[in-house]
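A.B. asks: The opening position of the sequence shown corresponds to residue 21 in my numbering, with each subsequent residue numbered one higher.
Everything labelled a hint here was simulated from the structure, so no lab data went into it. There's no promise every hint is true.
[Stated by the list, open to error] Here are the simulated distance ranges between beta carbons:
| id | residue 1 | residue 2 | range |
| --- | --- | --- | --- |
| 1 | Thr48 | Arg80 | 41 to 51 angstroms |
| 2 | Ile65 | Arg42 | 23 to 33 angstroms |
| 3 | Met21 | Met46 | 40 to 50 angstroms |
For each residue, glycine too, the CB sits at the ideal point set by N, CA and C.
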Amino acid sequence: MDWMKIGWALLLVLMILALLPRAKAMMTDSPKAQPGDWNAVLLPILGVVAFVMLLITLVR
């Protein structure tokens, strides 16, 4: 490995270590999911999947 790969790997590890405390705080301070929240998440995802499948079928 050359020194550039080692330097980038060290920077990546340092960035992850710097972000871990903030991620932990975000996980503990975030509100808990309500029963209707999952429908609000799944509906747009299913819409995007259906749209992509439509585009794939139109290209074939």
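A.B. asks: Determine for every hint whether it applies to the structure shown.
C.D. replies: Hint-by-hint comparison with the structure:
no., hint, in the structure
1, Thr48 x Arg80: 41 to 51 angstroms, "holds (48 angstroms)"
2, Ile65 x Arg42: 23 to 33 angstroms, "holds (26 angstroms)"
3, Met21 x Met46: 40 to 50 angstroms, "violated (34 angstroms)"
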